[in-house]
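Below are the chains, spelled out letter by letter.
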Amino acid sequence: MQLTLEFGGGLELLCDSEKIHKVNVDLPNGADSDDFTMKHLLSWVRTNLIKERPEMFMKGDTVRPGVLVLVNDCDWELSGQLDTVIEDKDVVVFISTLHGG
Amino acid sequence: MSSGEKMEAKSKKAGASRLCFLCNLRRPVLKRPKTLQQICRECFYEVFEEEIHQVIVQNRLFKSGERVAIGASGGKDSTVLAYVLSELNRRHNYGLDLFLLSIDEGITGYRDDSLETVKRNEVQYGLPLQIVSYKDLYGWTMDDIVKMIGLKNNCTFCGVFRRQALDRGATLLKVDKLVTGHNADDIAETVLLNILRGDIARLSRCTSITTGEDGPIPRCKPFKYTYEKEIVMYAYFKKLDYFSTECIYSPNAYRGFAREFIKDLERIRPRAILDIIKSGEDFRIATTTKMPEQGTCERCGYISSQKWCKACVLLEGLNRGLPKMGIGRPRGVNGDHKMEIKKPGSVAKSIESKQCGSLDF
Numbered sequence: 001m002q003l004t005l006e007f008g009g010g011l012e013l014l015c016d017s018e019k020i021h022k023v024n025v026d027l028p029n030g031a032d033s034d035d036f037t038m039k040h041l042l043s044w045v046r047t048n049l050i051k052e053r054p055e056m057f058m059k060g061d062t063v064r065p066g067v068l069v070l071v072n073d074c075d076w077e078l079s080g081q082l083d084t085v086i087e088d089k090d091v092v093v094f095i096s097t098l099h100g101g
Numbered sequence: 102m103s104s105g106e107k108m109e110a111k112s113k114k115a116g117a118s119r120l121c122f123l124c125n126l127r128r129p130v131l132k133r134p135k136t137l138q139q140i141c142r143e144c145f146y147e148v149f150e151e152e153i154h155q156v157i158v159q160n161r162l163f164k165s166g167e168r169v170a171i172g173a174s175g176g177k178d179s180t181v182l183a184y185v186l187s188e189l190n191r192r193h194n195y196g197l198d199l200f201l202l203s204i205d206e207g208i209t210g211y212r213d214d215s216l217e218t219v220k221r222n223e224v225q226y227g228l229p230l231q232i233v234s235y236k237d238l239y240g241w242t243m244d245d246i247v248k249m250i251g252l253k254n255n256c257t258f259c260g261v262f263r264r265q266a267l268d269r270g271a272t273l274l275k276v277d278k279l280v281t282g283h284n285a286d287d288i289a290e291t292v293l294l295n296i297l298r299g300d301i302a303r304l305s306r307c308t309s310i311t312t313g314e315d316g317p318i319p320r321c322k323p324f325k326y327t328y329e330k331e332i333v334m335y336a337y338f339k340k341l342d343y344f345s346t347e348c349i350y351s352p353n354a355y356r357g358f359a360r361e362f363i364k365d366l367e368r369i370r371p372r373a374i375l376d377i378i379k380s381g382e383d384f385r386i387a388t389t390t391k392m393p394e395q396g397t398c399e400r401c402g403y404i405s406s407q408k409w410c411k412a413c414v415l416l417e418g419l420n421r422g423l424p425k426m427g428i429g430r431p432r433g434v435n436g437d438h439k440m441e442i443k444k445p446g447s448v449a450k451s452i453e454s455k456q457c458g459s460l461d462f
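As they're listed, the protein sequences go chains A and B.
The first sequence maps to residues 1 to 101 in our numbering.
The second sequence maps to residues 102 to 462 in our numbering.
One chain only, chain A, in its complex shape:
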């Protein structure tokens, strides 16, 4: 599955200071592509992209409070948060409000 992931608000510092990542996410073993959700994606991101201080991004199995998530420019609170279904070519943006400026 081809996705574009964007990290902002300081989160890019956790990912080699790269703001935009075009990634190819393998579906979990045997999973139907319609079952790929934000929950799976967060787990994948934590494993594959976060290089330092994962606690700034994750708390438990979801993003840390203060991190905003947009899926195709839409607040994930409207689409089911962790249960949001992710499809090929989706754009997912993570923005932290925790870093000062």
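The reader is advised that the hints may include incorrect statements.
[Stated by the list, open to error] Derived contacts from chain A toward chain B, CB cut-off under 7 Å, selection only:
id : residue
1  : Gly9
2  : Gly10
3  : Asp61
4  : Pro65
5  : Gly66
6  : Cys74
7  : Asp75
8  : Ile95
9  : Thr97
None of these hints come from the bench; they were simulated from the model.
In this text, a Cβ means the ideal position worked out from N, Cα and C, and glycines have one as well.
Chain B: place on chain A using the hints.
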């Protein structure tokens, strides 16, 4: 997954199952934390800007003809503030002369990058920019200070110097008002911290939308009731140019437990942020309680409740090679408190690590 469930998941994801709560025409893109309304991008811009306008009008923050400086760090809050204030000034004919005021703390690799952002904002928004540096005002950069004292307590110097530097910069610009981008989340956080510190003088001030009316230059917080989530979403949708990274000398400042607590509360019940601000506003201090009296510093003339202002005390310590002067618990107006109240280590540490930026009201 049945096709029915699949369709529901798709429509849920696309937000097509309902329309914007306000216009009932377009796809919603945002759930507002303070109202839980699901609204579209265009309505979001409109309500965001209109609410800030109402805060400005109802609190009479400005008068026509005033010169107003916007404290500009290059971060999201001040960038959105500069953009929105320019828009509202035009749209509603406030009649203000607006300026950007930046403080250069002299932190290599951090402030120089964020100041580049403010310089771009100066061009993008057409607002004249004044930069005031610690080096010019105090003879010391934060790089110098950290070399002298290390990372512990350096935020105390920076917070004290920055607050005064903003006033000095505002005086240079000859402005009538200074506005800062403190948002609802910042203020709720400060209410909690001042309660935990038992700082009743600050507690009565930290929820005021305008402070310092008896000081050199009044400060206003037009974003007092604006949620940080909305500021970030507004900046994102408008593609505003801002800089975000934490200060390299306080890498743990963002871990302050009050900030984390506020974010946890917001996730559970977003309205809690406004409720905490309301609680802060409603605190009543007994009239018999002695409050520090404001005077002026003997040395530099800045407002101070002591003979010397905090900045001069810290500066004297630096210049004498005794940087610990002025660090540590204040003894009160008369300096006659003998008791050293013990605080839990983690609380004191967390409070200390947050001694910078938005805490310094």
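Next item on the list: Of all the hints given earlier, name the ones this structure violates by number, lowest first.
Entry: Going through the list in order, the structure violates hint 3 alone and respects the others.
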